[in-house]
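Go ahead and model the full structure; you've got the sequences and the hints to work with.
Here our numbering is used: the first residue of the sequence shown is 1, the next is one more, and so on.
Simulated from the structure, these hints should not be mistaken for laboratory data. Just to be clear, a hint being listed does not mean it is correct.
As the list claims (entries may be wrong) - The calculated lysine-lysine pairs, modelled on DSSO-like cross-linking and capped at a C-alpha distance of 30 Å, are:
#1 23 - 120
#2 252 - 306
#3 252 - 181
#4 120 - 338
#5 395 - 369
#6 53 - 41
#7 395 - 77
#8 77 - 244
All figures in this text were calculated on a predicted structure; none of them were measured in a lab.
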Amino acid sequence: MAYDDLRSLLRALEREGDLKRIKAEVDPYLEIGEIVDRVNKAGGPALLFENVKGSAMPLAMNVFGTDRRLLKALGLKSYAEISEKIGGLLKPELPQGFIGVREAFGKLGSMVHVPPRKVKGDAPVQEVVLTGDDVDLDLLPALFTWPKDGGSFFNLGLTHTKHPETGVRNLGLYRLQRHDKRTIGMHWQIHKDSRNHYAVAAARGERLPVAIAFGCPPAVTYASTAPLPGDIDEYLFAGFVAGKRIEMVDCKTVPLQVPANAEVVIEGWLEPGEMLPEGPFGDHTGFYTPQEPFPALTIDCVTMRKRPLLQSIVVGRPPTEDGPLGRATERFFLPLLKIIMPDIVDYHLPESGGFHNCAIVSIDKKYPKHAQKVMHAIWGAHMMSLTKLIIVVDKDCDVHDLHEVSWRALGNTDYSRDLTVVEGPVDHLDHASYQQFWGGKAGIDATRKLPEEGYTRDGGWPEMVESDPATAERVTRRWKEYGL
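This is the structure:
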């Protein structure tokens, strides 16, 4: 089972020696970011800063910084556990396309241990309630991480909205710039559901209720990062991952629900057209994203536990804490990708590519231009449409072995025929496209080529150089005898 709240996870990590308490005063201006980035890249422990300059609230960092810690937080032994459970939901019907995927996820509703449930009365996160002039966002430790950032940011606030017409809620993870004691900038990119909610409300001349939760149960935090279709409830998915229902509570001043066991919640309303400059920000791409106008949220209420703590992350040049979260998504959604594209054997989204810049895909090649078919299917598949580079290899290539993939991609290609170049949507944060929101993409066919594809050299496609199986087995058995 996943942990019910952040603090119980931190206690467990401390018992195992995988959490370090920092009692010395640390500065959220550049210093905490530098410490966390170094510790993360060294594979170090989770950190609990107990004395953050300017705030009485402890700050938990690098909590999901290793695969081991994220799996522990979600109550899993491996990411494959969830992959297998998701795969089981899709059988025996084997639904086709995104409609079929949605129907399969709909079956989760019949599992009584999965849907979120409302708790009666107040919840732990509402032990303290601040409104009006008592609201002061400076009490919450926000990070100024990189030298050219445009201000201090909350990087792990889980944003709740709902569609003004359908009432369907959305849970998303967006960076949040603290403008002043009662105002936060909402960095909603054009492909995000919450931005659509705001646009619909603004078109109707209505304000949009928003609630942002910090220090949530780990399964909820993970679900906020998952690229789910807009009509699939993230809290349903969180319950599915956690293996139990997520407890929710009504907010105090907005018509939304938040996790009852969160640490801090801020509530407010977005007025139509209320915008402020947001950024620059050293993002997970490893580059600064420029300053742009984004909606500015006025905070009317803050609720919290009696002795709350905040959780945040540091993003920047990979590897960072984004890594385990991205790898979890990669593994969790493989069964869904296979339903949409049965041709796929496995896939890998390298962390060095920010997970959305490159996809390495292996297929069981059956016919000419099979690789190109898969490329175009990926470019039409929900958020994978933002993928800039797709490398397609044969099923005998380990997509997670980048040396093996490079050998195939560099050696198995005639770029006059095996390179596909197209144009399409790219991520809002992509700095390399010559104009914002769309740009060029490439697909590399690194599979064995068939005569029907124009490969007409005598003898056909050559065999790979490999060891004699009997000799390899004999050497393996006698490995120690050779002193190796």
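Status of each hint after checking the structure:
1. A C-alpha spacing of about 37 Å is found between residue 23 and residue 120, which places the hinted pair above 30 Å, so the restraint is violated.
2. Between residue 252 and residue 306 the alpha-carbon distance is near 17 Å, which keeps this suggested pair within the 30 Å criterion.
3. With a C-alpha separation of about 19 Å, the suggested pairing of residue 252 with residue 181 holds against the 30 Å cut-off.
4. Pair hint residue 120 plus residue 338 does not hold up; C-alpha atoms about 41 Å apart against a cutoff of 30 Å.
5. For the hint pairing residue 395 with residue 369, the CA-to-CA distance comes to about 15 Å; that is within 30 Å, so the pair holds.
6. The suggested pairing of residue 53 with residue 41 holds, with an alpha-carbon distance near 24 Å, which does not exceed 30 Å.
7. Between residue 395 and residue 77, the direct Cα distance comes to roughly 26 Å. Compliance with the 30 Å bound is thereby established for this hinted pair.
8. The straight-line distance between the Cα atoms of residue 77 and residue 244 is roughly 17 Å, inside the 30 Å bound, and the hint therefore holds.
Hint check: violations occur at hints 1, 4; the rest are consistent with the structure.
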